[in-house]
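> Sequences listed follow chains A and B, in order.
The opening residue of the first sequence carries number 1 in full-length UniProt numbering; numbering runs sequentially from there.
The opening residue of the second sequence carries number 1 in full-length UniProt numbering; numbering runs sequentially from there.
Everything labelled a hint here was simulated from the structure, so no lab data went into it.
We treat Cβ as the ideally placed atom computed from N, Cα and C, and that holds for glycine.
Where hints are given, some of them may not hold.
Stated by the list, open to error - Here are some of the chain A residues that sit facing chain B, going by a computed Cβ distance under 10 Å:
(1) W43
(2) G44
(3) K89
(4) T94
(5) Y143
(6) F219
(7) E223
(8) L236
(9) I237
(10) V241
(11) E268
(12) P275
(13) P278
(14) V282
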Amino acid sequence: MSELRPVIGLEVHCRLKTASKLFSPCPLRPGAEANCATDPYTWGMPGTLPSVNAAAVALAVKLALALGCDVADESGWDRKHYFYPDLPKGYQITQHTRPLATGGALEVPDPEAGPWATRAVALQRLHLEEDAGKVHAGALLDYNRAGAPLVEIVTAPVIRSAAEAARVLRALRSVLVRLGVSDATMEDGSLRCDVNVSLQRRGDPAPGVRCEIKNLNSFNFIERAVTAEVERQEALIAAGVPVAPVTLRYDPVRAAVQVMRVKETELEYRWLPEPDLPPLRVDAAAAAALRADLPDMPERTRMRYCVLGLTPAEAALLVEEPALGDWFDAALTSLGPRGPALARRLCSWITVEVLARVPAAALATAKVAPAALAELVRMVEAAEVSAPAAKQILALLVEEGGVPGGIAAREGLLLEDDDAALTAAIVGVLRGHPRQVAQYRAGKAALWGFLIGRVMQALRGRADPQRVHKLLVVALQSPPPGDEAT
Amino acid sequence: MTADRARIVALTAGELADAVRGGTIAAVEVARAYLAQIEATAADLRAYVRTTPDLALAEAAAVDAARARGEPLGPLAGVPYGLKDSLVTAGVATAAGSRILEGWVPPYDGAQVRRMRAAGAVLLGKLALDEFGMGAHGDSGSMWSSGHAQEGMSDGECPRGHARRDMSGVETPERTQAGAWPSGQLGPRNPWSAEFVPGGSSSGGAAAVAGRAAAVAVGSDTGGSIRVPAARCGLVGVRPTWGRVSRAGLVAFASSLDAVGPLARTVDDAARVLACLAGHDEEDSSSLGEAVPDYAAMAACGRADGLAGVTLGIDAAGLGELEPAVAEVFAAALTTLAGAGARLVAVALPPAEEALAAYAALSAVEAVSNLARYDGVRLGLCVPKDSYEATAAATRGAGFGLEVKRRLVLGAWLMRQPQLLARARAARAATTAGLAAALRSCDALVSPTCAEAGVRVRGHVLGDSDRAARALADLDVDRFTAAASLAGLPALSLPAGLTAGAPALPVGLHLVGRRLDEGRLLAIAAAFEAATPWRARLLAGPGGA
Numbered sequence: 001m002s003e004l005r006p007v008i009g010l011e012v013h014c015r016l017k018t019a020s021k022l023f024s025p026c027p028l029r030p031g032a033e034a035n036c037a038t039d040p041y042t043w044g045m046p047g048t049l050p051s052v053n054a055a056a057v058a059l060a061v062k063l064a065l066a067l068g069c070d071v072a073d074e075s076g077w078d079r080k081h082y083f084y085p086d087l088p089k090g091y092q093i094t095q096h097t098r099p100l101a102t103g104g105a106l107e108v109p110d111p112e113a114g115p116w117a118t119r120a121v122a123l124q125r126l127h128l129e130e131d132a133g134k135v136h137a138g139a140l141l142d143y144n145r146a147g148a149p150l151v152e153i154v155t156a157p158v159i160r161s162a163a164e165a166a167r168v169l170r171a172l173r174s175v176l177v178r179l180g181v182s183d184a185t186m187e188d189g190s191l192r193c194d195v196n197v198s199l200q201r202r203g204d205p206a207p208g209v210r211c212e213i214k215n216l217n218s219f220n221f222i223e224r225a226v227t228a229e230v231e232r233q234e235a236l237i238a239a240g241v242p243v244a245p246v247t248l249r250y251d252p253v254r255a256a257v258q259v260m261r262v263k264e265t266e267l268e269y270r271w272l273p274e275p276d277l278p279p280l281r282v283d284a285a286a287a288a289a290l291r292a293d294l295p296d297m298p299e300r301t302r303m304r305y306c307v308l309g310l311t312p313a314e315a316a317l318l319v320e321e322p323a324l325g326d327w328f329d330a331a332l333t334s335l336g337p338r339g340p341a342l343a344r345r346l347c348s349w350i351t352v353e354v355l356a357r358v359p360a361a362a363l364a365t366a367k368v369a370p371a372a373l374a375e376l377v378r379m380v381e382a383a384e385v386s387a388p389a390a391k392q393i394l395a396l397l398v399e400e401g402g403v404p405g406g407i408a409a410r411e412g413l414l415l416e417d418d419d420a421a422l423t424a425a426i427v428g429v430l431r432g433h434p435r436q437v438a439q440y441r442a443g444k445a446a447l448w449g450f451l452i453g454r455v456m457q458a459l460r461g462r463a464d465p466q467r468v469h470k471l472l473v474v475a476l477q478s479p480p481p482g483d484e485a486t
Numbered sequence: 001m002t003a004d005r006a007r008i009v010a011l012t013a014g015e016l017a018d019a020v021r022g023g024t025i026a027a028v029e030v031a032r033a034y035l036a037q038i039e040a041t042a043a044d045l046r047a048y049v050r051t052t053p054d055l056a057l058a059e060a061a062a063v064d065a066a067r068a069r070g071e072p073l074g075p076l077a078g079v080p081y082g083l084k085d086s087l088v089t090a091g092v093a094t095a096a097g098s099r100i101l102e103g104w105v106p107p108y109d110g111a112q113v114r115r116m117r118a119a120g121a122v123l124l125g126k127l128a129l130d131e132f133g134m135g136a137h138g139d140s141g142s143m144w145s146s147g148h149a150q151e152g153m154s155d156g157e158c159p160r161g162h163a164r165r166d167m168s169g170v171e172t173p174e175r176t177q178a179g180a181w182p183s184g185q186l187g188p189r190n191p192w193s194a195e196f197v198p199g200g201s202s203s204g205g206a207a208a209v210a211g212r213a214a215a216v217a218v219g220s221d222t223g224g225s226i227r228v229p230a231a232r233c234g235l236v237g238v239r240p241t242w243g244r245v246s247r248a249g250l251v252a253f254a255s256s257l258d259a260v261g262p263l264a265r266t267v268d269d270a271a272r273v274l275a276c277l278a279g280h281d282e283e284d285s286s287s288l289g290e291a292v293p294d295y296a297a298m299a300a301c302g303r304a305d306g307l308a309g310v311t312l313g314i315d316a317a318g319l320g321e322l323e324p325a326v327a328e329v330f331a332a333a334l335t336t337l338a339g340a341g342a343r344l345v346a347v348a349l350p351p352a353e354e355a356l357a358a359y360a361a362l363s364a365v366e367a368v369s370n371l372a373r374y375d376g377v378r379l380g381l382c383v384p385k386d387s388y389e390a391t392a393a394a395t396r397g398a399g400f401g402l403e404v405k406r407r408l409v410l411g412a413w414l415m416r417q418p419q420l421l422a423r424a425r426a427a428r429a430a431t432t433a434g435l436a437a438a439l440r441s442c443d444a445l446v447s448p449t450c451a452e453a454g455v456r457v458r459g460h461v462l463g464d465s466d467r468a469a470r471a472l473a474d475l476d477v478d479r480f481t482a483a484a485s486l487a488g489l490p491a492l493s494l495p496a497g498l499t500a501g502a503p504a505l506p507v508g509l510h511l512v513g514r515r516l517d518e519g520r521l522l523a524i525a526a527a528f529e530a531a532t533p534w535r536a537r538l539l540a541g542p543g544g545a
């Protein structure tokens, strides 16, 4: 079997974050009661006509530009026909013949080639289309989703493994969220993925027979489904059975793929140019404005984190959850020139301590501000507070907001940083224990622990132990306290 | 007919609007006269599938109230009109002549009724048509009720989304007649002779306006559905440039060919209605943004100035198969045109057979797409079965009439024949290019609207074999009209004259113009109308001689 290699392509559908549907002013209301987010167009009522939502086009163009696609000055609309109760008009308006954009590539981490390596996964096309409704259990039809704006992004068949397929989708999700064009959440269906899988014999330029796994709705399922499909095709080939082009679904319970139907041929969709819509024109000036306004792409951000000294795993975490990355960047910025030096420590405080208290999705509205955490990390680093005290302060920041310095002062958690004051405390302790001091000086080194313990007790923990250590060494090497008076 | 009613229904829309605006007649009085005329002629004309007397009186009262308050009145103030039942109306059942839309009450108004209302026009009711506009005679459908139904208006809230509920919460009268279809040939009749069809598919509109049961009507034209009935009933019917009038609210048959326009007794009335209907509409992305000229003023210029300097193109090759009665009227019309100053030049148009085949193919293919939504799930008729596929099949089987099914089968088959589809598209492009080339050497193309003087009413419901045999003959009715549809160009039909025999039947003169040149077509038509010796006879209407 080793001479067979998987060739994988993704078709990703992603719901655009617009206020209304693609072809009518009907508001999109996720979570609304069934059939309450509808209008006559959504129902496919006779006499209704589509008119294109400019906001959806702008989001799709922004995405296409960010992915380096060629955006067509003029693209077209087509009708794709099939009978299914969730399709109100009996056809879907999509862009089959002349898509909005072609080409482009998505940078995807390539851990097999190195911890920071990436690979450009070529894209074939990106186009707009309207969503269908939903058939709920019990055959309840819900058209709330019907007409919602989708972009479909099709990769070239260049993905080499199940794990890479999942990485491609993760990278794409980061881009979608980074750009703010979609919620891109698999759970609510705003990100959906179909996977095409074929097996190609090494050295044979002929492609294998392609099978499509429909509607995968989690990153884990993608990896498992592709693995299962590769195994299914390998077994067929090994048994000498030709692979038939079929459409499959993944059954997560059995961790297996099931054949849904033999694939439709192109003619069965009975494509027709959409007569109700003029061609979609993208204004060059508007595109240029969108291009100028593009944020950094996640891959570029990942490289920036690499330079800051974060580990690949840390960088991946921040990049895959742009809300987290944004928060980190804001904290970093507030540190000014000290930022780079504190980046790693800041990252671990965010990913370990902050995330333990605030979910990533709630960060943007949390009471604790990025600058407050940055300041707290700086205080730890400058030995103004101890690490346990800092955790206590963080808990209060999460609860009530504010600035860490104020909380530390109020709660008495600031470390004593005046050497004279520390020395005075040390001298006080040494005077109180003349016998132990004399024994230590006489060579009983084990008493060091006793003495430093008494000093820390006297300081009630509000001192940096290392600093106390240094000052105590100095004090013990000085003339005995008794001599001082003479 | 009372003298008052006779006097009112004899007025043109222009005269009515002027009288209402001038205060010499109340809009309500006009509406009452027309409602009485509709009742009196219902059995003979069978023009309406549904009348809206309460709505008509309410709209008329609103016009009178606005006048009483001194507010400016619209250009069609108080003009009673009918809408082809393929144009949706909020709260008034709309079925497009099909059983498959049985019981559907649209929750929204189409652009046509909105614009007519804004102009002050008064809706009398919905007019009969061939099912989904597919027919040349007004006699094909899956639903004929015996006489029209009356519909009470309710100002209740429109149901959002789910449309199966009736607007007023009561059974609509036509639903109680559910057992009535198919009940034989009860389509509209030609007011000039009950033995002849009024032409289709805007059959009810033509019958109503010619029979004085509406001052004007709004219809739709895919291959000739305004122009053919206008010709058969002695009316002016305008098919505007594709996109000139919004299609929002038109139950689609073949979107790239469908156009909405007026049927009227005079060129001036047609111009006035077209001016109200035309213009960009946000709800129709394919509607054109160009400014709407003052069509009535352009028509008036034509009437005053005649046809000096106007060049008209005639394709002699297309005239070979005219019925002698039509040829005679057409020849006389050409003489009239030349006498009014027009220069007649010979042009060569692409063969009509090519255009007709392309029209038949492409309209059927688009119909398959547009009619795919009728699956019994969301609105209209539902014949429940134990699966979605079976329900959709049973619903469509019971809901569509034979002619619609014939075209859907043809269209569905064609969609799997890419070479034939490509040929049809190429023929359309050739026809478009051919018309454009011919219109470079003339201002308008002129021909008869139909080759035959009239089509007799069929005595029986067509069976499958009859239907197949008649399909080609029916298609041929559009031989002079289909080309302009394919090219998206403006065209109109106006009365050329009457045949000599008994019964005397109107013959239509067909004009095709350049893109957005409706104004010039109306000017030419007005000049001809003023010059023709038939004008008085035609204006008097059927039985007016």
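> Each hint should be assessed against the structure and marked as holding or not.
Comparing the hints with the structure gives:
{"no.": "1", "hint": "W43", "result": "5 Å, holds"}
{"no.": "2", "hint": "G44", "result": "4 Å, holds"}
{"no.": "3", "hint": "K89", "result": "5 Å, holds"}
{"no.": "4", "hint": "T94", "result": "13 Å, violated"}
{"no.": "5", "hint": "Y143", "result": "7 Å, holds"}
{"no.": "6", "hint": "F219", "result": "33 Å, violated"}
{"no.": "7", "hint": "E223", "result": "34 Å, violated"}
{"no.": "8", "hint": "L236", "result": "31 Å, violated"}
{"no.": "9", "hint": "I237", "result": "33 Å, violated"}
{"no.": "10", "hint": "V241", "result": "30 Å, violated"}
{"no.": "11", "hint": "E268", "result": "8 Å, holds"}
{"no.": "12", "hint": "P275", "result": "4 Å, holds"}
{"no.": "13", "hint": "P278", "result": "6 Å, holds"}
{"no.": "14", "hint": "V282", "result": "16 Å, violated"}
When the structure is compared with the earlier hints, violations turn up for hints 4, 6, 7, 8, 9, 10, 14 and for no others.
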